[in-house]
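Same order as they appear, the protein sequences are chains A and B. Add 20 to the 1-based position in the first sequence for my numbering, that's all there is to it. Add 2 to the 1-based position in the second sequence for my numbering, that's all there is to it.
Treat the hints as calculated values from the structure; they're not laboratory data. Errors might be hidden in some of the hints.
To be verified - From the structure, some residues in chain B lie toward chain A, with a derived Cβ separation under 7 Å:
1. 85
2. 102
3. 105
Said to hold, decoys possible - Quick list of simulated restraints, FRET-style, between CB atoms:
4. A/241 <-> B/138: 21 to 29 Å
5. B/168 <-> A/241: 34 to 42 Å
6. B/137 <-> A/181: 30 to 38 Å
7. A/192 <-> B/165: 47 to 55 Å
8. A/227 <-> B/92: 32 to 40 Å
9. A/93 <-> B/75: 25 to 33 Å
10. A/192 <-> B/30: 48 to 56 Å
11. B/138 <-> A/69: 55 to 63 Å
12. A/51 <-> B/168: 47 to 55 Å
13. A/138 <-> B/126: 16 to 24 Å
Glycine included, each C-beta is placed from N, C-alpha and C at the ideal position.
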Amino acid sequence: MKALIALFLRELRLAARIGGGGATGVVFFLILVSIAPFALGPDLNLLSRIGPALLWISALLATLIGLDRLFQADAEDGSLDLLFTARTPLELIVVVKCLAHWATTGLPLVLAAPLFGLMLAVEGAGLAGVTATLLVGTPALTFIGAIGAALTASLRRGGLLMAILVLPFTVPVLIFGVAAAAAARGGTVPFWTPFSILCALTLLAAAGAPFAAAAALRHGRD
Amino acid sequence: MPSPLRLIVDNLAIDRGGRRVLEAVGFAVAGGEALVVTGANGAGKSTLLAGLAGLLPLAEGRIGLDGADDPEAPVAEYCHYVGHREALKSALTPRESLAFWRDMLGAGRPGLEPEAALAEFDLAHAVDFPCGYLSAGQRRRASLARILVAPRPIWLLDEPVTALDVASQARFADLMRAHLAGGGLIVAATHAPIGLEAARALHLGQAA
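Pulled out of the complex, with its shape left as it was, chain A reads as follows:
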C-alpha cells in the first residue's frame, strides 16, 4: 500500500513538473473548443446542439495525446525494469499509474468542461449532462488507452500506432457519452439508459485493462 501511494505521488509530481505534460491535455482541450466556433460560425443554436459532441471529441483526443508516454517514459529510463522487480503486482502498478494519469489529465478536463461548455453555448441541463458523462467516461478512455500504451511502450514514436490501436475501442465510450449528454437536454431517450451503459463501459475497462496492459508489458520485455 505504501508502495502504491508512493507511486501515485511520484506520478503526480512528474506531471506537475516542467516537461511533465500535466497541463497539455487541458490546453489542447481549450484550443479545440475555442477554434470550433471560428470554423463553424457564430450560430448559437448549432453550437449548443453539437457542443456536447465537440466537448467529447476534444476530451477523447486530449486524453490520448499524452497517454503514449504512460509506460514509455519509464521504459526508456529503466524505471520499468525496476518496477518489474518490485513486490507489488504489475497489475496494481498499472491501476495506480492509470489513476494518476486520470487525476492529472481526465479530472482537469471534467472540471474545465462546464466553463468550456459555456463557450459553446451549452446551457443548464446540457452542461450538467456533459460534465457528468465526462466524469464517468474519461476513466474508461484512460484505461483503454493504457492497453495501447503498454503495447507500444518499447517502441520509439509509438504514439501514432497507439492512437490507431486504441481509437476503435474508445468509440463505444464516445457514442454512449455523447448520447447521454444529448439525452440530458431532453428527448425521447431517458438520460439514465445511455449513462448506465457508459458507467458499465468504464467498470469493464477498469476491470480488464490492468490485466491486459500488464500482460502486454511482460510480453514486451525483450
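Given the coordinates of chain A, work out where chain B should sit on it, guided by the hints.
The following block gives chain B in isolation, referenced to the frame of chain A:
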C-alpha cells in the same frame, strides 16, 4: 537473514530477438560470495543479469534461491538490478527518487534514509538538485544509492562503476565488501576490475 542464501543457476538459456544469446550457463553463488561475469562485448553479460532479475523470459533452465524467507516469491524480488540506465527522472531530485524507490522496492525492511544513502556516495550536497542537472557520474552515484535505501540480499550489477571517478569506485568497493560481509550476494558484469579481489569469475564465451 535466518539461513545462508544460495543462488543457483542451472543450464540457463536466453533468447533475444529470436537468437540464442546465452546457452548452458550454470553457477551457484552463496551468501557472502561475489561472482564477476566477464566476456567480450555481446557475450551475453547484460542478458544474464537481466535474466536473473526476471526481466527476460528464460528459454531453458532454472534460477533458484535456497534459504529465502518466502520460497514462493520470484528470485527477482530479492534482487537489486543496476543496469545501464539509471532509472532517474530528470524532473525529480535524488531525494525524491530514492524515497520513491525505498517505498517501492523496500517491502518493510529498514534501509538507509535517502539523505544518508546519498551521503555514502558523497552526494549530500546534491540531494535537492533535479537529476537532470547532475553529471553522468553523479547520476550513476545517485542510482547506486538506490541499493542502500531498500536492502535486498542480491545485487545484480551491470557495469556498475561506469563514469565513476577513482574515489567513488573505492567507496563503492567498500560498500560491496560490507554487503558481502553481511551475508549478501553480488553478481557483477564488468570489464574493469571493480575491487572485489576475492570474487569468483565466470567467463562467457561468444554465443554459438
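Checked hints:
Given the 7 Å rule on beta carbons, the hint for residue 85 of chain B holds: about 6 Å separates it from the nearest Cβ of chain A. The closest approach between the C-beta of residue 102 of chain B and any C-beta of chain A is roughly 5 Å, which is under the 7 Å cut-off, so the hint is satisfied. The criterion of a C-beta within 7 Å of any C-beta in chain A is met by residue 105 of chain B, whose closest approach is roughly 4 Å, and the hint holds. For the pair residue 241 of chain A and residue 138 of chain B, the supplied restraint of 21 to 29 Å holds, since their beta-carbon distance comes to about 25 Å.
Evaluation of the 34 to 42 Å hint for residue 168 of chain B and residue 241 of chain A yields a pass: the beta carbon distance comes to about 35 Å. Roughly 35 Å separates the CB atoms of residue 137 of chain B and residue 181 of chain A, a value that falls within the hinted 30 to 38 Å. A hinted range of 47 to 55 Å holds for the C-beta pair residue 192 of chain A and residue 165 of chain B, which are about 50 Å apart. Checked against the hint of 32 to 40 Å, the pair residue 227 of chain A and residue 92 of chain B passes, with Cβ atoms roughly 35 Å apart.
For the pair residue 93 of chain A and residue 75 of chain B, the beta carbons lie near 28 Å from each other, so the given range of 25 to 33 Å is met. Our hint of 48 to 56 Å for residue 192 of chain A and residue 30 of chain B holds, since their Cβ atoms are close to 54 Å apart. A hinted range of 55 to 63 Å for the beta carbons of residue 138 of chain B and residue 69 of chain A is consistent with their spacing of about 58 Å. The given range of 47 to 55 Å is respected by residue 51 of chain A and residue 168 of chain B, whose C-beta atoms sit roughly 53 Å from each other.
For the pair residue 138 of chain A and residue 126 of chain B, the beta carbons lie near 53 Å from each other, so the given range of 16 to 24 Å is not met.
Violation of the numbered hints given earlier is confined to hint 13; every other hint is satisfied by the structure.
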